[in-house]
Amino acid sequence: EQVPAAVLEHLERLALVDFRDAEGVRRLREAVRFAERLHDVDTEGLEPMDSVLEDRCLYLREDDVTEGNCTKELLKNAREKIEEYFVAPPGNIPLPKLEERETFEQQS
Amino acid sequence: RLHPGQPLGVLDGIPVAVKDNFNTAGIETTCASNMLKGYIPPYNATVVQKLLDQGAVLLGKTNLDEFAMGSGTTDGVFGPVRNPWSYSRQYKEKNPSKSHSENEDSKWVITGGSSGGSAAAVSSFTCFAALGSDTGGSTRNPAAHCGVVGLKPTYGLISRHGLIPLVNSMDVPGILTRHVDDAAIVLGLLAGHDPKDSTTIQDTFKPFELPHSIDIRKLCIGIPKEYHVPGLSSEVQALWSKAADLFKDAGAKVIEVSLPHTPYSIVCYHVLCTAEVASNMARFDGLEYGHRADMKQSTESMYAATRREGFNDVVRGRILSGNYFLLKENYENYFVKAQKVRRLIANDFVKVFGSGVDILLTPTTLSDAAPYMEFIKEDNRTRSAQDDILTQAANMAGLPAVSVPAALSKRGLPLGLQFIGRSFQEKQLLTVAKWFENQAKFPVIHLEDMKRHDCSDFQHQKSVSSL
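These protein sequence lines map, in sequence, to chains A and B.
Here the numbering used here is used: the first residue of the first sequence is 1, the next is one more, and so on.
Here the numbering used here is used: the first residue of the second sequence is 1001, the next is one more, and so on.
Hints listed in this document are in silico derivations from the structure and should not be mistaken for laboratory results.
Every value quoted in this text rests on a predicted model; they were computed, and no experiment measured them.
Check each hint, because a few of them may be wrong.
What the hints assert, rightly or not - Some but not every residue of chain A turned toward chain B, in silico, with C-beta under 7 Å:
no.: 1; residue: L16
no.: 2; residue: L28
no.: 3; residue: A31
no.: 4; residue: A35
no.: 5; residue: R37
no.: 6; residue: L46
no.: 7; residue: P48
no.: 8; residue: M49
no.: 9; residue: L58
no.: 10; residue: E73
no.: 11; residue: N77
no.: 12; residue: F86
no.: 13; residue: A88
no.: 14; residue: P90
What the hints assert, rightly or not - Think about it this way: if two alpha-carbon atoms lie no more than 25 Å apart in a straight line, the pair counts; the simulated SDA-like pairs of lysine to any residue are:
no.: 15; chain 1: A; residue 1: K76; chain 2: B; residue 2: E1309
no.: 16; chain 1: B; residue 1: K1296; chain 2: A; residue 2: P89
no.: 17; chain 1: B; residue 1: K1296; chain 2: A; residue 2: Y85
no.: 18; chain 1: B; residue 1: K1296; chain 2: A; residue 2: L74
We put the CB at the ideal spot given by N, CA and C, even for glycine.
One chain only, chain A, in its complex shape (with noise of 0.2 Å):
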């Protein structure tokens, strides 16, 4: 069952990585392939489980602030940055399409 390349298009999008090369798209094929085992199993009526802790309750703390103020530290690993803001390249602008890029036109 091929993975349609608008589908591959569109992970590359949503994951802002890429494929690469054809080896990136057949290790895909494959992750997709090897999941399908998954639904040999009998899974009627069965609630997903999210955390092994699920029977728990979570520990809320009172809503104080306790720490933080730690600017000048959490600016210190960032590259670009003025004042106390990151600074980031224009955004709105989508990837350039498919087409444009070589990524995997040999492949679907």
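With chain A's structure known, arrange chain B on it following the hints.
The following block gives chain B in isolation, referenced to the frame of chain A:
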């Protein structure tokens, strides 16, 4: 401090090592990835802080598979870790060099992973204890291959705050030591509720000392039949039987039990792990910390370039697979389905422990450590799927498990056996492990002088670029 009898704690002055996916304030933390090369955390992981508060001496951060993804500690940017046993007299005796040119360099074996660096550090007497992490077996697997004790505590017992997450619902900090008693000591220092990790339970943890003389006659040991997997080496099989007999002869009740959904745990893990990874790796975008690409055209293209440059193929592959399983059209069929299967796996254990079984005894790995040249012939996912088979289910169910060195293989390399216990019953688990350790009398590694190699010999060749 020791002189006037005022140590900070039990570990004052004791050398420890920490896997490089735990944040250490002021000390580079890389997760063996280009994404975090040069990253200096502004805080200590809770478990690191606890060790330092004791006065423990942090010798260094240990190598791992990139972002803890892997079962060989071969896929990090710093290169693979060599199992210290490759240089032991025990291994060399069984694998004599045929010629001068064919020296140790071609035959060295892997440590297992992903906490291979930590296991190697403990195994080579570099430190008293090391921290690893365990998501699918990453502490127990290298422990078995390196002949050390690898403890995976119950999920929720030890804080994950500061442990760079892989799979939030399965990750735990792991403890590697040479003896079970030492693991109990370290556990006592690390366990307990942490307000900074909401997945730690609130019950008060009582540190314990393991008894000197242990009576196992009241115990019921379960041998899960589904762990007789194809690929299990005859050596490990025999060792497992021998251990079961050991318990039986000492008066414990040893019975065969069934965990019927075991064959599905790897597939289930594959889906849940990649899905959580896709989510956890999303934070690495170059903006706040870590590597940042020189791309300025748009935010998205900068993120994409950063992630292409920063992550290796294994990580990227898992992110893509994870995103696939999380797509709207796949979510129910894969992710939710896997979560349901997870419940089945967890329930298998509940049933078995509820029927009177106290501890499960299984092998930890399929065989002894493979030579590096053999190991890299298969890709990371295939290897992980093979190697995690025996350890993974304990992470699914959140149960405590420990690998104890049992014997040397025909090739002179360590073999370990695994004990799995009930939730939060580490004391019982480690007591049984200690009893076994005393019976097994696993030999000490005899490290010989290594010839001084040319630096180039140790240069890791990233040959399998398809990984």
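Okay, the hints, checked on the actual structure:
1. Proximity of A/L16 to chain B holds as hinted, the smallest CB-CB distance being about 5 Å (cut-off 7 Å).
2. Interface restraint check for A/L28: the shortest CB-CB distance to chain B comes to about 6 Å, inside 7 Å, so the restraint holds.
3. Checking A/A31 against chain B: minimum C-beta separation of about 4 Å stays under 7 Å; hint holds.
4. The interface hint given for A/A35 holds, since its Cβ lies 5 Å from the closest Cβ of chain B, which is under the 7 Å cut-off.
5. At a threshold of 7 Å, the smallest CB-CB gap from A/R37 to chain B is about 5 Å, leaving the interface hint in force.
6. Annotation: interface hint on A/L46 holds; nearest CB of chain B at approximately 4 Å, less than 7 Å.
7. Annotation: A/P48 was flagged as interfacial toward chain B, and the flag holds, the nearest CB pair being 3 Å apart, inside 7 Å.
8. Taking 7 Å as the C-beta cut-off, the interface hint given for A/M49 holds, the closest approach to chain B being about 4 Å.
9. Look at A/L58: its Cβ gets to within about 6 Å of chain B, closer than 7 Å, so that hint holds up.
10. Taking 7 Å as the C-beta cut-off, the interface hint given for A/E73 holds, the closest approach to chain B being about 4 Å.
11. Hint status for A/N77: holds, given a least beta-carbon distance of 4 Å to chain B, under 7 Å.
12. A cut of 7 Å between beta carbons decides the hint on A/F86: the least distance to chain B is about 5 Å, and the hint holds.
13. Contact between A/A88 and chain B, as hinted, is supported at the beta carbon level, the nearest pair being about 5 Å apart and thus within 7 Å.
14. The interface hint given for A/P90 holds, since its Cβ lies 6 Å from the closest Cβ of chain B, which is under the 7 Å cut-off.
15. Under the criterion of a C-alpha separation no larger than 25 Å, the hint pairing A/K76 with B/E1309 is consistent with the structure, at around 21 Å.
16. In summary, the hint linking B/K1296 to A/P89 is supported, as the alpha carbons are separated by about 5 Å, within the 25 Å threshold.
17. Distance check on the hinted pair: B/K1296 and A/Y85 sit about 17 Å apart at the alpha-carbon level, within 25 Å; holds.
18. Pair hint B/K1296 plus A/L74 holds up; C-alpha atoms about 22 Å apart against a cutoff of 25 Å.
Checked against the numbered hints given earlier, the structure satisfies every one of them.
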